[in-house]
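Just need the whole structure built from these sequences, with the hints factored in.
Protein chains in written order, with numbering that gives the first Met the number 0: chain A, 0 to 140; chain B, 0 to 111; chain C, 0 to 490.
Just so you know, these hints were derived from the structure itself, not from any lab.
By construction, the Cβ of each residue, glycine as well, lies at the ideal position given by its N, Cα and C atoms.
Check the hints yourself; a few may be wrong.
[To be verified] Only pairs whose alpha carbons sit at most 20 Å apart, straight line, appear in this in silico EDC-like list of lysine to aspartate or glutamate: (1) B:49 / B:1; (2) C:160 / B:103; (3) C:160 / B:100.
[Said to hold, decoys possible] Some, not all, of what chain A presents toward chain C, calculated at C-beta under 7 Å: (4) 73; (5) 77; (6) 80; (7) 87; (8) 88; (9) 89; (10) 92; (11) 94; (12) 95.
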Amino acid sequence: MYKPNDLIFRTTTSLIAFILLGFSIYLLLAGHNSPGGGFIGGLMTSAAIILMYMAYGSDILRKILPVNYRMLIPTGLLIAAGTGIGSFLFQQPFLSHTYNHFHLPVFGDLELATAMLFDFGVYFTVLGVTVTIILSIAEDR
Amino acid sequence: MEIIILILAGVLFATAIYNLLQKQLLRLIIGSVLLSHGAHLFLLTMGELKRGNPPILTEGISEYTDPLPQALILTSIVISFGITSLLLVLAYRTSNENNTDNMEQLRGNENE
Amino acid sequence: MSNLAVLPIIIPLIAGIILAFFPKKLALVRTLTKVFIIGNLAVAGFSAWHVFNHGSIILETGDWAAPYGIIIVADQLSVLLVLTTNIMAAACAFYAPYSLPDRKERYYFYTFFFFLITGVSGAFLTGDIFNLFVFFEVLLMASYALIVLGGDKVQLRESVKYVFINLFSSMLFVTAVGFLYGTVGTVNMAQIAQRVQEVDQQGILTAIGILLFFVFAVKAALFPLYYWMPKSYAVPNPVISALFGALLTKVGIYSIIRVFSLIFIHRIDLTHEVFIWIAGLSMIFGVIGALSTNNIKLIIAYNIIPAIGFILWGIGVFNQEAVSGAIYYLIHDMIIKASLFLLVGTIAYAAGTSDLRKFSGLIHYYPFLGWLLFVSGFVLAGIPPFSGFIGKLLLLKGSLADEKVAVVIIALLSSLLILYSIMKIFIRGFWGEKDDTFEPKPVKGRTAPVVALLALSVFLGIGAEFIYPSVESISRYLLDPANYINAVLEG
Numbered sequence: 000m001y002k003p004n005d006l007i008f009r010t011t012t013s014l015i016a017f018i019l020l021g022f023s024i025y026l027l028l029a030g031h032n033s034p035g036g037g038f039i040g041g042l043m044t045s046a047a048i049i050l051m052y053m054a055y056g057s058d059i060l061r062k063i064l065p066v067n068y069r070m071l072i073p074t075g076l077l078i079a080a081g082t083g084i085g086s087f088l089f090q091q092p093f094l095s096h097t098y099n100h101f102h103l104p105v106f107g108d109l110e111l112a113t114a115m116l117f118d119f120g121v122y123f124t125v126l127g128v129t130v131t132i133i134l135s136i137a138e139d140r
Numbered sequence: 000m001e002i003i004i005l006i007l008a009g010v011l012f013a014t015a016i017y018n019l020l021q022k023q024l025l026r027l028i029i030g031s032v033l034l035s036h037g038a039h040l041f042l043l044t045m046g047e048l049k050r051g052n053p054p055i056l057t058e059g060i061s062e063y064t065d066p067l068p069q070a071l072i073l074t075s076i077v078i079s080f081g082i083t084s085l086l087l088v089l090a091y092r093t094s095n096e097n098n099t100d101n102m103e104q105l106r107g108n109e110n111e
Numbered sequence: 000m001s002n003l004a005v006l007p008i009i010i011p012l013i014a015g016i017i018l019a020f021f022p023k024k025l026a027l028v029r030t031l032t033k034v035f036i037i038g039n040l041a042v043a044g045f046s047a048w049h050v051f052n053h054g055s056i057i058l059e060t061g062d063w064a065a066p067y068g069i070i071i072v073a074d075q076l077s078v079l080l081v082l083t084t085n086i087m088a089a090a091c092a093f094y095a096p097y098s099l100p101d102r103k104e105r106y107y108f109y110t111f112f113f114f115l116i117t118g119v120s121g122a123f124l125t126g127d128i129f130n131l132f133v134f135f136e137v138l139l140m141a142s143y144a145l146i147v148l149g150g151d152k153v154q155l156r157e158s159v160k161y162v163f164i165n166l167f168s169s170m171l172f173v174t175a176v177g178f179l180y181g182t183v184g185t186v187n188m189a190q191i192a193q194r195v196q197e198v199d200q201q202g203i204l205t206a207i208g209i210l211l212f213f214v215f216a217v218k219a220a221l222f223p224l225y226y227w228m229p230k231s232y233a234v235p236n237p238v239i240s241a242l243f244g245a246l247l248t249k250v251g252i253y254s255i256i257r258v259f260s261l262i263f264i265h266r267i268d269l270t271h272e273v274f275i276w277i278a279g280l281s282m283i284f285g286v287i288g289a290l291s292t293n294n295i296k297l298i299i300a301y302n303i304i305p306a307i308g309f310i311l312w313g314i315g316v317f318n319q320e321a322v323s324g325a326i327y328y329l330i331h332d333m334i335i336k337a338s339l340f341l342l343v344g345t346i347a348y349a350a351g352t353s354d355l356r357k358f359s360g361l362i363h364y365y366p367f368l369g370w371l372l373f374v375s376g377f378v379l380a381g382i383p384p385f386s387g388f389i390g391k392l393l394l395l396k397g398s399l400a401d402e403k404v405a406v407v408i409i410a411l412l413s414s415l416l417i418l419y420s421i422m423k424i425f426i427r428g429f430w431g432e433k434d435d436t437f438e439p440k441p442v443k444g445r446t447a448p449v450v451a452l453l454a455l456s457v458f459l460g461i462g463a464e465f466i467y468p469s470v471e472s473i474s475r476y477l478l479d480p481a482n483y484i485n486a487v488l489e490g
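Written as structure tokens, this is what we have:
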């Protein structure tokens, strides 16, 4: 039986993947008002997923992350388009966004923007597209 | 500074076109990637290269970089990212189906 | 009310997204497709009515005022083209279930179909040159997916070429937009037009104009840059060929109309004079291509090139009558090309091959198809009283008024050869010896959309009285860029 010699790779992956995931979430949430955004957040998350895939293989990955990546694409697009259309309800031009300050128990004073919802849509779309493409090539034997 | 970047963009364009004229699929893809890099670098230069604060709405900032080229480049990067990944899949399928990555040896019946 | 302008872009986008959730449930997907496309057609019709009666609709997205934000401009030309797009898209949606194998339909055909319409409508409606690029990419992405749908060898071969040539021209587009931004410092088309008239570096602007023309000429398949087009349009399924043939090249020529009637009008003697020659050469070479082949799908695909030539001719002459003729011809050609591609697809299905040398005597089995083709040939070539005639008559009057005789002769000659290239299918495929071993297949559902499109096309010719006034008001509007600039920047 073929046994890969990848101890160092696997050990570091378990560390790096979670740093990547955490940082990608930070980028996603910061995106609407400082450097970052849904696109690079999504790319970074998919980088983490691909890294885990390379280290552990697709069977284990499918067990720990039972997500249909193909479905993420329309979901993300629907969220993104929905935030644009949401402005129709308030008699505003298409794609109008707004923000407000909220006081939440744990986080304190927080600025929440509807542009962040748009970023979520982009995030899911990019994640879905990237992982679908790379996995569909990688799993094709 | 602008001149150097423009020359670099020109070199990228030249390399890209050299690669686009090859017959191997992978070289064509590399050519297209280099082409988009050249175009993006060029677009960035058109908005003047200058140092300053990021173009984000904060009070009391007088010197800031031009946000528009950056927005344009980001859009264009996303698009070329999408097209490049599509091209890779397409090239992979094509070379699998035809058992060759030479553009001149691709086959298929036209009159079906 | 201004949100009305963006609805023809949003409805197909949402439709495509919703259909992507359950691509395998074909019955549901087909029904929803028809509902959405009819709904979109109704919205496009209403917005056309609104624009023609109450003036252009300007939408400043995100509530950012005009020169800074992204704007959507629904003026008369845009809404008319969006309406035509939706009419032919509806015909394709009704044709698709008969023509596509279930396997291909399941592979997100309807999603990409709607994304293609999103991109086309967006390209017609945007008022921002960078967004024109973005919508070009949206429709090209959808077309990349559609052209490889199914993944036959020949499709893969043609789509590789198709993707690379379009990628190359897109990157040139970005570069041209970069030049334009560096020179005039804006990407809003109305503001560019305003500043181009004030700037004194006319030379560099002409160079940028030619670069942009090159980009659009690749997309529109004009004379020296058409070699990629016929084969890649002929290889996919007929319904996809119809969408491509009727929409994609037309978006390219629409961009030329928009940009060279609004922005680059400072050196008409140079740019527009070149257009006339390119138009003439496109007519000659396109029709030679159509005569040179025996593949019936390729004949129709080659016939796109002279049609684009006719439209460019009108822009080149650039007076009231010629521009009216170009717009009339554009509308006419979108409808008749879609109907011809669908018709020829039906014939190829009925005959079992698209090689003209391998079938004959089809009129014994399909008399109706034969006469449909006969009428289509007349409409395409512009025999009076059909719609091609009205467009060509206006073009002729316009260019004779400007004493451009050479191109008139070329155009008349190529019209005759276009008629011959279609009649060649009729003579060789429908007449000729009856093949007794032939077993006819049912084609009933496939002919209905073709008949509908052809009827509309015939109406465009016979009912020219109804349509001509609006076409004339569009060309008056286009010839004076101040109309557009004022509507966007001060409205």
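- What are the numbers of the hints the structure violates, in ascending order? 8 and 9
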